[in-house]
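Model the full assembly from the supplied sequences, consistent with the hints where possible.
Going line by line, the protein sequences match chains A and H. First residue of the first sequence: 420, per my numbering; consecutive thereafter. First residue of the second sequence: 5, per my numbering; consecutive thereafter.
No wet-lab data here; the hints were simulated from the structure. Predicted, not measured: the structure shown is a model, and the values here were computed from it. Backbone N, C-alpha and C fix where the C-beta goes; we use that ideal spot for every residue, glycine too. Just so you know, not all the hints are guaranteed correct.
[To be verified] Straight-line Cα separation of at most 30 angstroms, BS3-like style, residue types lysine-lysine; simulated pairs:
| id | chain 1 | residue 1 | chain 2 | residue 2 |
| --- | --- | --- | --- | --- |
| 1 | H | K61 | H | K75 |
| 2 | A | K432 | H | K102 |
| 3 | H | K46 | A | K432 |
| 4 | H | K72 | H | K102 |
| 5 | H | K19 | H | K102 |
| 6 | H | K62 | H | K110 |
[Said to hold, decoys possible] What follows is a set of in silico ranges between Cβ atoms, one per label pair, in the way DEER data are often shown:
| id | chain 1 | residue 1 | chain 2 | residue 2 | range |
| --- | --- | --- | --- | --- | --- |
| 7 | A | Q437 | H | P86 | 39 to 47 angstroms |
| 8 | H | S89 | A | A457 | 19 to 27 angstroms |
| 9 | A | A499 | H | P115 | 45 to 53 angstroms |
| 10 | H | S73 | A | S446 | 38 to 46 angstroms |
| 11 | A | V534 | H | Q112 | 41 to 49 angstroms |
| 12 | H | Q112 | A | E473 | 13 to 21 angstroms |
Below, each chain spelled out in residue letters.
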Amino acid sequence: ETGVTQSPTHLIKTRGQQVTLRCSSQSGHNTVSWYQQALGQGPQFIFQYYREEENGRGNFPPRFSGLQFPNYSSELNVNALELDDSALYLCASSSPQGAKVTEAFFGQGTRLTVV
Amino acid sequence: QQQVKQSPQSLIVQKGGISIINCAYENTAFDYFPWYQQFPGKGPALLIAIRPDVSEKKEGRFTISFNKSAKQFSLHIMDSQPGDSATYFCAASIVRQKVTFGTGTKLQVIP
Chain A
420 ETGVTQSPTH
430 LIKTRGQQVT
440 LRCSSQSGHN
450 TVSWYQQALG
460 QGPQFIFQYY
470 REEENGRGNF
480 PPRFSGLQFP
490 NYSSELNVNA
500 LELDDSALYL
510 CASSSPQGAK
520 VTEAFFGQGT
530 RLTVV
Chain H
5 QQQVKQSPQS
15 LIVQKGGISI
25 INCAYENTAF
35 DYFPWYQQFP
45 GKGPALLIAI
55 RPDVSEKKEG
65 RFTISFNKSA
75 KQFSLHIMDS
85 QPGDSATYFC
95 AASIVRQKVT
105 FGTGTKLQVI
115 P
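Shown next as C-alpha cells:
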C-alpha cells in the first residue's frame with residue numbers, strides 16, 4: 420500500500436451538483452496529480468499541483484478545479500456535474516527534487532457516480 | 005489525442021506461459037516509461053519502468069524491452085501466475101510528471 424490516501428472511497432451525486440474529493444499525499448511528497456479513469460479506460464491526466472500552484476493541466480474544462488494546501492494535501496472540485504463525470508478519480512503524489520524525481524504513487528481512488 | 009497506444013486489449017495466458025503486452029508512443033520528448041498493474045477497486049501500482057537510453061530492463065519475472073527508433077516498448081511476464089491476473093497499463097512521461105497512460109490490457113492467467 421502507498422501512503423497516498425483519498426476520501427471518500429465512493430460517492431453518488433446528482434447531475435448539476437458540485438463535488439469535492441480529497442487527497443493526502445505520501446510523506447515528503449510536494450507534488451500531487453489528479454487523474455480521471457473512466458470504466459475500462461486508462462487514467463487521464465486532469466492537472467498537477469506543485470507547492471500550492473497549478474503546474475500543468477490536461478484537456479479538462481474549467482469546472483474541474485483544484486487546490487493544494489501547505490501540508491501538500493489536495494482537493495479536486497468539480498462543478499455542474501455531468502453524467503460523463505462518473506469515473507474513478509485517482510490522486511498521485513511525487514516529489515521532484517532538481518533532476519531527480521521520485522516515482523508517482525497512486526491512491527486507491529474515489530469512485531464517483533453521477534445520476 | 006492518444007499518445008500511447010497499447011495492445012492487446014485483453015489476453016488469456018496459461019499458467020507458466022509468457023504474457024506479452026505491446027505499446028507504441030508518438031511524443032519523442034517522453035523520457036520515462038513505466039508500467040502499472042491495477043487490480044479491481046485499487047489504484048495503479050508501479051510495476052517496472054525504463055528510460056529510453058536502455059534497451060531492456062528485467063526485474064524478477066518482469067522484463068521491459070524498449071526500441072527507441074521504432075518508438076515501441078513491451079512488457080514480458082515470464083512464468084505467468086494466476087496472481088498476475090490484473091489490468092496492465094503502459095505509460096510515458098516527461099521527467100516522471102503528467103503520466104500519459106495507454107488504454108490498458110486485461111490479463112487473465114488460467115490454471
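Here's how the hints hold up against the structure:
1. Annotation: proposed proximity of H/K61 to H/K75 holds, straight-line Cα distance about 16 angstroms (limit 30 angstroms).
2. The suggested pairing of A/K432 with H/K102 holds, with an alpha-carbon distance near 28 angstroms, which does not exceed 30 angstroms.
3. The hinted pair formed by H/K46 and A/K432 meets the criterion: a straight-line CA distance of about 21 angstroms does not exceed 30 angstroms.
4. For the proposed pair H/K72 and H/K102, the alpha carbon gap of about 21 angstroms is at most 30 angstroms, so the pair holds.
5. At roughly 35 angstroms between alpha-carbon atoms, H/K19 and H/K102 are farther apart than 30 angstroms, so this suggested pair is violated.
6. Straight-line distance between C-alpha atoms of H/K62 and H/K110 comes to about 21 angstroms, which keeps the hinted pair within the 30 angstroms bound.
7. Evaluation of the 39 to 47 angstroms hint for A/Q437 and H/P86 yields a pass: the beta carbon distance comes to about 43 angstroms.
8. Separated by about 22 angstroms at the C-beta atoms, H/S89 and A/A457 satisfy the suggested range of 19 to 27 angstroms.
9. Separated by about 48 angstroms at the C-beta atoms, A/A499 and H/P115 satisfy the suggested range of 45 to 53 angstroms.
10. Distance hint for H/S73 and A/S446: a CB-CB separation of about 41 angstroms, consistent with the stated range 38 to 46 angstroms.
11. For A/V534 paired with H/Q112, a C-beta distance near 31 angstroms fails the hint of 41 to 49 angstroms.
12. About 40 angstroms separates the C-beta atoms of H/Q112 and A/E473, a value inconsistent with the hinted range of 13 to 21 angstroms.
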